[in-house]
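**Student:** First to last, the sequence lines map onto chains A and B. Here the first sequence stands for residues 1 to 117, where the numbers follow the numbering used here. Here the second sequence stands for residues 1 to 113, where the numbers follow the numbering used here.
Incorrect hints may appear among the rest.
Capping the alpha-carbon separation at 20 Å, the derived lysine to aspartate or glutamate pairs in EDC-like fashion look like this [what the hints assert, rightly or not]:
no.	chain 1	residue 1	chain 2	residue 2
1	B	Lys-37	B	Glu-5
2	A	Lys-55	B	Glu-99
3	A	Lys-41	B	Glu-56
4	B	Lys-37	B	Glu-56
5	B	Lys-71	B	Asp-27
6	B	Lys-22	B	Asp-84
7	A	Lys-14	A	Glu-87
8	A	Lys-55	A	Glu-87
9	A	Lys-64	A	Asp-27
10	B	Lys-71	B	Glu-99
11	A	Lys-64	A	Glu-22
12	B	Lys-37	B	Asp-84
13	B	Lys-42	A	Glu-22
14	A	Lys-66	A	Asp-88
15	B	Lys-42	A	Glu-52
16	B	Lys-57	B	Asp-84
17	B	Lys-37	B	Asp-59
18	B	Lys-57	A	Glu-87
19	A	Lys-14	A	Asp-88
20	B	Lys-58	B	Glu-99
21	B	Lys-42	B	Glu-79
22	A	Lys-41	B	Asp-84
23	B	Lys-58	A	Glu-105
24	B	Lys-71	B	Asp-17
25	A	Lys-20	A	Glu-105
26	B	Lys-42	A	Asp-88
27	A	Lys-41	B	Asp-27
28	B	Lys-37	A	Glu-105
29	B	Lys-68	B	Asp-49
30	B	Lys-71	B	Asp-84
Simulated from the structure, these hints should not be mistaken for laboratory data.
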Amino acid sequence: GAVVSQHPSWVICKSGTSVKIECRSLDFQATTMFWYRQFPKQSLMLMATSNEGSKATYEQGVEKDKFLINHASLTLSTLTVTSAHPEDSSFYICSASGTASGYNEQFFGPGTRLTVL
Amino acid sequence: GENVEQHPSTLSVQEGDSAVIKCTYSDSASNYFPWYKQELGKRPQLIIDIRSNVGEKKDQRIAVTLNKTAKHFSLHITETQPEDSAVYFCAASRDFGNEKLTFGTGTRLTIIP
Numbered sequence: 001g002a003v004v005s006q007h008p009s010w011v012i013c014k015s016g017t018s019v020k021i022e023c024r025s026l027d028f029q030a031t032t033m034f035w036y037r038q039f040p041k042q043s044l045m046l047m048a049t050s051n052e053g054s055k056a057t058y059e060q061g062v063e064k065d066k067f068l069i070n071h072a073s074l075t076l077s078t079l080t081v082t083s084a085h086p087e088d089s090s091f092y093i094c095s096a097s098g099t100a101s102g103y104n105e106q107f108f109g110p111g112t113r114l115t116v117l
Numbered sequence: 001g002e003n004v005e006q007h008p009s010t011l012s013v014q015e016g017d018s019a020v021i022k023c024t025y026s027d028s029a030s031n032y033f034p035w036y037k038q039e040l041g042k043r044p045q046l047i048i049d050i051r052s053n054v055g056e057k058k059d060q061r062i063a064v065t066l067n068k069t070a071k072h073f074s075l076h077i078t079e080t081q082p083e084d085s086a087v088y089f090c091a092a093s094r095d096f097g098n099e100k101l102t103f104g105t106g107t108r109l110t111i112i113p
């Protein structure tokens with residue numbers, strides 16, 4: 001299967017700072033990337049869908065001004081958590097898909113654990 | 001939007017026995033149903049999936065059944081082994097690939113040696 005990476009794998013930051021998480025498709029072109037958030041012992045909740053070159057589509061209840069998503073190329077999407085607070089501490093996972101590459105499923109990144117002090 | 005319910009939330013079975021996890025969905029337009037296995041702190045791993053034009057699919061010890069009329073699908077694991085212990089999530093989507101996935105609430109499966 002295809003490979004999706006995320007960076008960093010974990011990050012600790014102070015309350016009020018911003019954190020950027022990168023999601024890369026390493027061996028295929030990802031026309032669509034998805035960002036999920038997973039709190040401890042809970043399910044994955046979709047935050048937003050991003051298509052290369054266009055604005056992200058956010059799920060209901062997700063603040064687009066707080067969670068900035070940029071999908072500037074077919075291999076990179078970034079999620080920036082602005083003015084992070086302790087309640088934003090979570091496991092953030094991206095997934096990527098690109099049917100043009102021949103893959104017909106979403107491939108998940110390894111996740112980024114964010115801890116806000 | 002889509003709503004996916006999953007039961008049970010926890011399941012313990014004796015090694016060698018079978019485990020069954022059930023999910024229901026609400027969106028009649030959903031036609032792709034993957035199952036994921038997630039170990040602590042790691043990414044979800046696709047273990048099997050089924051599309052709506054198929055009623056059952058099997059891959060070695062794992063099988064999935066789909067009843068599109070009743071809007072429910074199930075995961076069956078036979079001859080369970082300790083390494084099957086993990087959290088399992090069902091999901092539903094209107095299409096594979098580019099459509100968003102709605103996940104169930106998860107089942108923590110524990111295999112008792």
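**Student:** It remains to establish, for every hint, whether it holds in the given structure.
**Tutor:** We went through each hint and held it up to the structure:
A C-alpha spacing of about 16 Å is found between Lys-37 of chain B and Glu-5 of chain B, which places the hinted pair at or below 20 Å, so the restraint holds. Between Lys-55 of chain A and Glu-99 of chain B the alpha-carbon distance is near 16 Å, which keeps this suggested pair within the 20 Å criterion. Pair hint Lys-41 of chain A plus Glu-56 of chain B does not hold up; C-alpha atoms about 29 Å apart against a cutoff of 20 Å. Annotation: proposed proximity of Lys-37 of chain B to Glu-56 of chain B holds, straight-line Cα distance about 19 Å (limit 20 Å).
This hinted pair checks out: Lys-71 of chain B and Asp-27 of chain B have alpha carbons roughly 8 Å apart, not beyond 20 Å. Proximity of Lys-22 of chain B to Asp-84 of chain B is assessed by CA-CA distance (about 17 Å); at most 20 Å being required, the pair is judged to hold. Annotation: proposed proximity of Lys-14 of chain A to Glu-87 of chain A holds, straight-line Cα distance about 12 Å (limit 20 Å). For the given pair, Lys-55 of chain A sits about 25 Å from Glu-87 of chain A by alpha-carbon distance, which is inconsistent with the 20 Å threshold.
With a C-alpha separation of about 29 Å, the suggested pairing of Lys-64 of chain A with Asp-27 of chain A is violated against the 20 Å cut-off. Simply put, Lys-71 of chain B and Glu-99 of chain B have alpha-carbon atoms about 19 Å apart, close enough for the 20 Å limit, and the pair holds. As the CA atoms of Lys-64 of chain A and Glu-22 of chain A are separated by approximately 17 Å, the hinted pair is consistent with the 20 Å bound. Pair hint Lys-37 of chain B plus Asp-84 of chain B holds up; C-alpha atoms about 9 Å apart against a cutoff of 20 Å.
Under the criterion of a C-alpha separation no larger than 20 Å, the hint pairing Lys-42 of chain B with Glu-22 of chain A is consistent with the structure, at around 17 Å. For the proposed pair Lys-66 of chain A and Asp-88 of chain A, the alpha carbon gap of about 10 Å is at most 20 Å, so the pair holds. About 26 Å separates the Cα atoms of Lys-42 of chain B and Glu-52 of chain A, which puts this hinted pair outside 20 Å; it is violated. A hinted pair counts as satisfied when its Cα atoms are at most 20 Å apart, and Lys-57 of chain B with Asp-84 of chain B qualifies at roughly 19 Å.
Pair hint Lys-37 of chain B plus Asp-59 of chain B holds up; C-alpha atoms about 15 Å apart against a cutoff of 20 Å. Restraint check for Lys-57 of chain B and Glu-87 of chain A: the C-alpha separation of about 41 Å exceeds 20 Å, so the hint is violated. Taking the CA atoms of Lys-14 of chain A and Asp-88 of chain A, the gap is near 11 Å; set against the 20 Å cutoff, the hint holds. At roughly 24 Å between alpha-carbon atoms, Lys-58 of chain B and Glu-99 of chain B are farther apart than 20 Å, so this suggested pair is violated.
Proximity of Lys-42 of chain B to Glu-79 of chain B is assessed by CA-CA distance (about 24 Å); at most 20 Å being required, the pair is judged violated. This hinted pair checks out: Lys-41 of chain A and Asp-84 of chain B have alpha carbons roughly 18 Å apart, not beyond 20 Å. About 18 Å separates the Cα atoms of Lys-58 of chain B and Glu-105 of chain A, which keeps this hinted pair within 20 Å; it holds. Of the pairs offered as hints, the one joining Lys-71 of chain B and Asp-17 of chain B is violated, with about 27 Å between alpha carbons and a cut-off of 20 Å exceeded.
A threshold of 20 Å between alpha carbons decides the hint, and for Lys-20 of chain A with Glu-105 of chain A the separation of about 26 Å lies outside it, so the pair is violated. Pair hint Lys-42 of chain B plus Asp-88 of chain A holds up; C-alpha atoms about 19 Å apart against a cutoff of 20 Å. Simply put, Lys-41 of chain A and Asp-27 of chain B have alpha-carbon atoms about 25 Å apart, too far for the 20 Å limit, and the pair is violated. For the suggested pair Lys-37 of chain B and Glu-105 of chain A, the alpha carbons sit about 15 Å apart, so the restraint of at most 20 Å is met.
Our distance criterion of 20 Å between C-alpha atoms is met by Lys-68 of chain B and Asp-49 of chain B, whose separation comes to about 14 Å. For the hint linking Lys-71 of chain B to Asp-84 of chain B, the alpha-carbon distance of about 26 Å lies beyond 20 Å, and the restraint is violated.
Of the numbered hints given earlier, the model fails hints 3, 8, 9, 15, 18, 20, 21, 24, 25, 27 and 30; all others are met.
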